[in-house]
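Enquirer: Chains as they are written, first to last, in UniProt numbering: chain E, 1 to 292; chain P, 1 to 292; chain W, 1 to 292; chain F, 1 to 292; chain S, 1 to 292; chain R, 1 to 292.
Do not take every clue at face value.
A pair holds if it fits inside one copy or across any two, identical chains being indistinguishable in the list.
Claimed, not checked - Below 27 Å or equal to it, Euclidean Cα-Cα: the simulated DSS-like pairs (lysine-lysine) are: (1) K83 - K167; (2) K5 - K16; (3) K211 - K11; (4) K211 - K16; (5) K167 - K211; (6) K211 - K13; (7) K211 - K5; (8) K11 - K167; (9) K167 - K13; (10) K16 - K167.
It is worth saying that the hints were derived from the structure and are not from the lab.
There are 6 protein chains.
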Amino acid sequence: MFFHKQELQFKAKPDKPDAVYARKLQEVLGGQYGEITIAMQYGFQAWNIHIPGKWRDLLFGIGSEEFGHVEMLAIMIAQLLEKDPNADLQATVDSDPVMAAVIGGTDVQHAIVAGAGARPVDSNGNPWQGSYITASGNLMADFHANANGEMQGRVQAARLYHMTDDKGVRDLLSFLIARDTMHQNQWLAAIAELQADGLEQLPVPSNFPQKLEHSEVAYQYLNFSDGAAAAEGSWASGPTPDGNGTFTYHDGPTTAAHMPPPTQPDPRLYGTDAQPNLLDKAKATVKDIAGK
Amino acid sequence: MFFHKQELQFKAKPDKPDAVYARKLQEVLGGQYGEITIAMQYGFQAWNIHIPGKWRDLLFGIGSEEFGHVEMLAIMIAQLLEKDPNADLQATVDSDPVMAAVIGGTDVQHAIVAGAGARPVDSNGNPWQGSYITASGNLMADFHANANGEMQGRVQAARLYHMTDDKGVRDLLSFLIARDTMHQNQWLAAIAELQADGLEQLPVPSNFPQKLEHSEVAYQYLNFSDGAAAAEGSWASGPTPDGNGTFTYHDGPTTAAHMPPPTQPDPRLYGTDAQPNLLDKAKATVKDIAGK
Amino acid sequence: MFFHKQELQFKAKPDKPDAVYARKLQEVLGGQYGEITIAMQYGFQAWNIHIPGKWRDLLFGIGSEEFGHVEMLAIMIAQLLEKDPNADLQATVDSDPVMAAVIGGTDVQHAIVAGAGARPVDSNGNPWQGSYITASGNLMADFHANANGEMQGRVQAARLYHMTDDKGVRDLLSFLIARDTMHQNQWLAAIAELQADGLEQLPVPSNFPQKLEHSEVAYQYLNFSDGAAAAEGSWASGPTPDGNGTFTYHDGPTTAAHMPPPTQPDPRLYGTDAQPNLLDKAKATVKDIAGK
Amino acid sequence: MFFHKQELQFKAKPDKPDAVYARKLQEVLGGQYGEITIAMQYGFQAWNIHIPGKWRDLLFGIGSEEFGHVEMLAIMIAQLLEKDPNADLQATVDSDPVMAAVIGGTDVQHAIVAGAGARPVDSNGNPWQGSYITASGNLMADFHANANGEMQGRVQAARLYHMTDDKGVRDLLSFLIARDTMHQNQWLAAIAELQADGLEQLPVPSNFPQKLEHSEVAYQYLNFSDGAAAAEGSWASGPTPDGNGTFTYHDGPTTAAHMPPPTQPDPRLYGTDAQPNLLDKAKATVKDIAGK
Amino acid sequence: MFFHKQELQFKAKPDKPDAVYARKLQEVLGGQYGEITIAMQYGFQAWNIHIPGKWRDLLFGIGSEEFGHVEMLAIMIAQLLEKDPNADLQATVDSDPVMAAVIGGTDVQHAIVAGAGARPVDSNGNPWQGSYITASGNLMADFHANANGEMQGRVQAARLYHMTDDKGVRDLLSFLIARDTMHQNQWLAAIAELQADGLEQLPVPSNFPQKLEHSEVAYQYLNFSDGAAAAEGSWASGPTPDGNGTFTYHDGPTTAAHMPPPTQPDPRLYGTDAQPNLLDKAKATVKDIAGK
Amino acid sequence: MFFHKQELQFKAKPDKPDAVYARKLQEVLGGQYGEITIAMQYGFQAWNIHIPGKWRDLLFGIGSEEFGHVEMLAIMIAQLLEKDPNADLQATVDSDPVMAAVIGGTDVQHAIVAGAGARPVDSNGNPWQGSYITASGNLMADFHANANGEMQGRVQAARLYHMTDDKGVRDLLSFLIARDTMHQNQWLAAIAELQADGLEQLPVPSNFPQKLEHSEVAYQYLNFSDGAAAAEGSWASGPTPDGNGTFTYHDGPTTAAHMPPPTQPDPRLYGTDAQPNLLDKAKATVKDIAGK
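The task is simple: from the sequences and hints, build the whole structure.
Expert: Structure representation (structure tokens):
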């Protein structure tokens with residue numbers, strides 16, 4: 001169960017409205033790596049988990065915070081939209097050359113659809129979608145997805161930091177960036193702890209027996225391009241991070257197979273096949289097919 | 001430039017057609033973590049990269065291999081569909097009780113749309129989409145996305161391994177799983193090398209000055225749920241993985257702010273506001289608005 | 001801010017696993033009118049609202065409950081998936097003819113992608129998307145969207161009730177249906193209260209001056225089909241619900257206008273236009289265009 | 001069957017081209033609540049209906065009109081695009097400071113993809129999609145969806161009215177707004193008539209026996225936020241609109257249940273579970289699994 | 001304007017309900033090449049056209065017929081769903097082994113969402129979307145899209161013909177297939193007439209001066225694969241269909257260029273670049289950035 | 001298998017960065033008819049083909065070239081973004097009035113999400129999707145789709161040519177337009193060769209027996225609009241392109257059927273039906289339904 005409190009985790013109030021920036025901020029609300037993604041991802045991982053205790057508590061504990069971040073950003077965006085320039089275009093153009101320049105960059109649905117409100121979309125107006133989240137049931141894989149999510153989120157927030165000089169907006173971003181710092185660290189710690197607790201090893205999933213894989217290509221770097229410098233990396237020689245093998249470098253594939261012959265599916269699927277499809281022949285088959 | 005060779009990296013030939021399994025295999029071809037995603041992700045990272053040499057070579061070298069994996073899976077699926085049961089339903093039902101049971105689980109677009117061919121969709125028929133991929137320009141973040149992609153891919157392939165006993169299909173999966181093993185290891189090695197080369201540190205992005213973030217909450221575990229066991233994890237005390245801080249545990253938020261008052265946008269956006277909108281008043285404003 | 005409690009609002013435990021039903025239940029979790037839609041819709045309406053007090057409290061008060069319904073359904077689905085038949089197909093087919101019949105109707109991504117977990121998708125596997133929700137800033141319009149949402153939700157839950165005889169599932173549905181009863185009533189009461197408080201009247205938006213609309217067609221029923229019985233309805237004669245007019249019935253449109261001539265955009269957009277585009281003429285224009 | 005007449009229901013001709021406004025107008029053509037949605041929604045409701053006579057005639061009669069509204073808007077948009085500024089940027093910038101300011105706000109696909117033509121997309125370029133429409137077979141629920149659709153449509157058209165001073169565009173909007181007035185009234189009349197005719201009552205669906213729902217929570221306001229003013233509304237005390245109950249107010253949930261234990265699905269789905277997955281153990285299980 | 005007549009162009013009545021087939025039939029209603037696509041495509045081409053007379057009349061004349069095909073299919077699907085097996089599963093399984101086998105293949109949203117009604121989706125439940133249609137303003141290009149649409153549609157209808165032995169369904173398909181025959185022929189005739197009337201030639205768009213293209217590669221077959229048989233085709237030697245050139249065959253590209261160096265965007269976008277990003281250096285830049 | 005070479009087929013280097021144009025260029029990279037579509041379409045057609053030899057070699061030979069075009073455009077876009085104006089707004093506005101005017105037209109995700117890199121989206125930011133491609137297994141139908149794809153692509157590139165005066169960009173477009181010229185010609189040649197080889201005739205699919213279609217309407221022009229000029233076209237009289245019939249013209253449909261009565265599905269789907277659903281009756285049925 002979720003309970004709501006009419007407070008925010010941090011102050012979210014811009015110095016002044018800015019409809020163009022409101023559009024940009026939609027990215028970290030409703031984009032691929034926005035807060036809706038993060039909140040929903042931790043939620044589904046928690047609901048689907050197979051282990052009680054600290055792992056589930058961790059996912060619930062952070063996931064609920066993230067729903068509050070969704071709220072802070074939505075409210076900030078609504079405030080940035082309080083004077084949508086579409087409503088008084090002439091005045092805006094007259095008074096502010098920078099705003100005049102960028103005014104075409106507003107999200108017009110903010111005004112037309114939401115009446116100056118936030119929307120569950122990214123900065124190009126693409127609706128948020130469930131396919132952004134990851135919850136596989138394998139915690140090691142999912143925690144890497146989580147670490148990546150927090151990294152992409154912090155990169156985007158850092159970029160947005162420099163696209164405004166509004167103190168109120170920067171203040172909120174500074175807060176969210178700090179929480180991204182925490183959450184990056186936390187998922188990296190959790191990845192280490194999964195291994196330390198013996199719950200999962202590399203490669204993921206660690207309980208699929210490596211004997212069943214074609215082990216002769218399991219640690220080979222196969223170079224399918226002509227850039228030779230890839231051989232210089234630590235991924236091309238030496239021990240592998242999973243501790244089970246040794247990297248080797250190969251200039252191209254070490255295995256090959258003939259391409260199978262084309263398929264010959266049922267003629268009633270009316271694909272084009274190699275037998276000439278002469279009119280006489282076609283007419284002859286009418287009766288068979290028609291007779292069915 | 002890409003050049004094509006009419007060979008496969010590994011043999012891809014099923015023992016017998018199986019339209020239901022063909023549908024399942026679409027997941028690792030055209031799903032969120034299917035081979036199209038992986039190939040396109042490495043491609044865009046390479047085209048957008050800011051560093052020449054080993055990093056770019058690595059992305060091109062692996063990315064091109066992955067396009068070949070797309071091809072192997074597409075061809076395997078076409079072969080699995082060579083006898084689509086939809087074409088001769090009665091015969092299938094009569095001869096094979098397991099197939100009869102699951103026959104409803106085929107992807108009917110395989111027959112109707114593709115004439116027994118592979119499609120760029122996942123196992124539920126959702127078209128592959130560009131929003132699956134990640135290419136941020138920040139290599140540390142993106143390599144975590146890549147590691148996650150290879151982990152999710154290996155988890156899915158391992159699951160699919162047990163959903164068939166077709167030796168030819170399992171053989172191909174064994175090969176792909178081995179390559180996933182390699183690629184997981186490679187990205188983890190590359191992450192370590194990025195740090196060793198001094199190109200990027202934690203937290204990502206490491207060149208955003210931490211001074212600018214609200215450092216008082218940058219290493220706090222804030223528990224927004226009532227599961228107390230989260231305090232037991234290494235994410236709640238001790239040094240942080242980025243080496244810059246110390247985890248602390250807090251039972252709930254350490255900061256709070258008043259919720260801002262509701263916004264009051266332009267009345268011509270016709271939202272509902274607090275002033276009673278009596279008919280008399282509305283009529284009075286007609287002239288003003290109409291006069292504009 | 002949202003706080004989470006590791007309890008459910010109602011018991012959510014099926015008598016036995018049923019992967020086919022788990023798929024069906026996804027509709028009321030992640031479908032167009034599923035609980036994610038309802039929770040998000042009330043959330044965005046609250047964050048964007050222009051009035052403090054009872055209206056905002058109402059949206060926050062119900063919206064938070066709905067996030068808990070998302071959780072209940074996700075957990076129920078995970079339990080229904082605990083024995084996914086894809087994992088042991090032969091045994092299922094042998095032991096249960098009804099299950100054998102429907103087994104093809106499972107959502108295969110439940111197993112392959114989520115490892116027997118719930119997903120943010122509908123019963124056909126379409127990912128939930130932000131375009132399902134409505135939050136226009138006009139409370140009268142939005143509360144009609146909310147009433148509709150609760151009605152569609154209750155219709156779907158009632159249908160699902162008869163598609164299982166699992167007592168645990170039916171118990172949860174009975175609870176959710178009761179809450180839908182409450183919420184339908186609540187939004188209808190809120191619609192009446194908006195009018196009683198003088199905040200909004202019909203037609204919506206009531207503060208757009210009706211003088212500005214083409215009032216001669218504002219209360220006409222115009223019949224564009226040949227079914228004459230539409231004239232019998234209360235929408236074809238008598239006073240209108242908004243109290244501002246009288247319905248009249250017309251057998252077809254009462255206004256007409258000539259279709260404008262085709263447009264003639266810039267030739268450099270290379271549409272096909274009426275002037276013959278002879279090769280000689282084309283060659284002559286090369287210099288002009290090339291010269292630019 | 002549909003027949004077309006090369007006339008419009010109302011004149012649709014702008015005073016002058018305006019590519020930025022053409023983009024905005026796409027919202028009421030191809031957006032969530034645009035005319036394509038409305039036309040298709042009434043069409044599907046008519047095709048799926050279970051009652052002959054006035055109800056079906058009503059849906060066909062209005063639905064066909066709406067396809068004509070799609071046409072009027074598409075033609076208006078094509079005319080607004082007749083001088084797309086992208087074709088002669090320099091001239092536009094030189095001659096009109098307001099246009100210069102907003103020129104970045106055009107839909108560039110209007111020029112690149114459609115050659116200065118209308119498109120089946122919303123004002124952010126999102127393609128129209130079938131998931132916008134509602135046709136459940138339950139007329140009471142669907143007529144609430146229709147009333148909502150006409151309200152949202154009228155709100156959007158009213159907003160668009162103030163974003164232009166083009167007389168021709170405003171004229172068309174005035175016509176469409178008047179038809180929205182009619183259609184709002186009509187669906188509200190139809191809702192009342194459904195009840196008067198005894199075809200459907202509240203709560204919807206009225207033929208699902210309320211005995212089967214958990215009636216103890218069917219009329220309770222449960223406040224999951226800390227805003228106490230929600231108790232002041234008519235939704236918190238007094239008789240309910242469906243005439244079957246009495247509202248009561250509760251500060252939080254009146255029921256609670258333990259969260260079920262985590263699920264334990266088949267190990268071959270390779271989720272992470274609570275048993276330490278040590279390497280020795282994993283190796284031991286290889287034979288079992290491999291032997292299958 | 002569109003007018004509706006409560007008749008169908010052809011009888012559309014199945015011998016008996018068949019929910020599985022209803023799902024399959026959704027493809028030609030709401031799929032990529034279903035009737036919604038065809039009707040909307042001709043509509044948008046007509047609304048955007050730049051030529052009055054026979055070309056516009058053709059598009060309106062056929063486009064309106066196609067909306068009637070949408071209707072026929074929707075009504076047929078509703079009838080096929082009249083006994084949805086999900087409503088009485090046990091009886092179905094007991095009485096009909098073929099239906100029992102395929103019952104999992106129903107579209108469960110037909111029952112849950114539409115109450116046994118048609119939906120604007122394809123046979124996998126993907127909603128119809130505006131991005132399926134083509135209306136570029138160039139008639140030669142668009143008529144090729146139309147010819148393709150009618151071909152794909154006839155192929156799909158022919159496949160569906162053999163997936164049922166219901167006489168009523170086959171009868172409707174026979175009618176639709178005949179209309180596809182007509183429409184294929186019509187668009188091919190229109191393509192020839194466009195050229196004969198001198199409105200457009202090959203290559204499309206013919207009024208883009210070929211002088212402006214790199215003519216040395218305009219008629220070269222460049223083989224990027226190792227299959228040599230492509231040289232045998234009429235696309236590798238002899239005159240070209242546009243009458244302007246001669247095909248030549250080349251075993252690989254005839255031009256090549258160096259790959260440009262990696263880009264170096266603004267450091268405030270926090271991509272990873274080649275300069276080691278040491279902590280000392282990062283700290284030094286704090287002041288500059290923070291000072292902005 | 002695909003192999004990559006770190007060269008481009010043609011030089012791709014803009015004279016100067018232009019973030020607005022970078023957005024426009026996304027259309028021919030990731031749009032409906034962009035290079036990703038073309039490359040993937042030829043790939044899937046090749047993988048699904050039923051004939052070895054020249055047809056398969058053709059698809060592989062061209063398809064691989066197209067992946068290289070994806071690369072050229074992605075790299076060009078990254079270069080155009082090297083100075084994203086969002087990073088230094090003030091300077092841009094001060095120095096260049098045209099850029100100042102259009103600056104709002106940038107794709108803000110280029111900066112926020114990709115750090116000044118290309119993305120797999122169209123010029124409105126819609127992600128590329130698998131539903132853009134066509135691969136039906138019927139070569140005649142698919143080659144018409146291919147010809148259309150190359151025509152739409154050439155039209156779009158020609159439009160883009162005039163939207164910039166950057167010599168480097170125009171140079172690349174001139175190259176790509178020339179390749180579109182080649183590929184249009186090639187598919188038209190291949191269509192003729194399919195017929196000459198006797199593999200497929202008109203109408204497509206030619207091996208569906210025309211006897212099975214309702215031949216009385218197979219060559220009739222049925223005019224559903226009131227524009228009489230359609231009768232003047234070659235599609236209204238004379239021999240048909242397939243050589244099997246003669247066009248005739250009809251002013252409206254030549255066949256008609258009664259609309260079937262409304263459907264009466266299972267009452268447990270809770271649609272609204274014609275029988276008054278009085279409360280007394282509803283209560284009586286409770287026991288029956290509840291008893292199940």
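Enquirer: With identical chains treated as interchangeable, where does the CA-CA distance between K16 and K167 reach 27 Å or less: within a copy, between copies, both, or neither?
Expert: within (9 Å within a copy, 33 Å between copies)
Enquirer: Go through the copies and call it for K167 and K211: within, between, both or neither, with a Cα cutoff of 27 Å.
Expert: between (58 Å within a copy, 15 Å between copies)
Enquirer: Check K5 against K16 for me: Cα-Cα at most 27 Å, and say if that holds within a copy, between copies, both or neither.
Expert: For K5 and K16, only the intra-copy Cα distance (26 Å) is at most 27 Å; the inter-copy one is 37 Å.
Enquirer: State whether the alpha carbon distance between K211 and K13 is at most 27 Å within one copy, between copies, both, or neither.
Expert: Between copies only: 21 Å across chains, 58 Å inside a chain, cut-off 27 Å.
Enquirer: Should K211 paired with K11 be assigned to within, between, both, or neither, using CA atoms and 27 Å as the limit?
Expert: between (55 Å within a copy, 19 Å between copies)
Enquirer: Evaluate K211 and K5 at a C-alpha cut-off of 27 Å and name the case that applies: within, between, both or neither.
Expert: Intra 53 Å, inter 30 Å, cutoff 27 Å: neither.
Enquirer: Between K211 and K16, at a C-alpha cutoff of 27 Å, which is it: within one copy, between copies, both, or neither?
Expert: between (62 Å within a copy, 25 Å between copies)
Enquirer: Could you place K11 and K167 in one of the four classes (within, between, both, neither) given a Cα distance threshold of 27 Å?
Expert: within (12 Å within a copy, 45 Å between copies)
Enquirer: With 27 Å as the alpha-carbon cut-off, assign the pair K83 and K167 to within, between, both or neither.
Expert: both (18 Å within a copy, 25 Å between copies)
Enquirer: When no copy is named, should K167 and K13 be tagged within, between, both, or neither for a Cα gap of at most 27 Å?
Expert: Cα proximity of K167 and K13: one copy only (9 Å, versus 39 Å across).
Comparing the model with each numbered hint stated earlier shows that hint 7 is the single one that does not hold.
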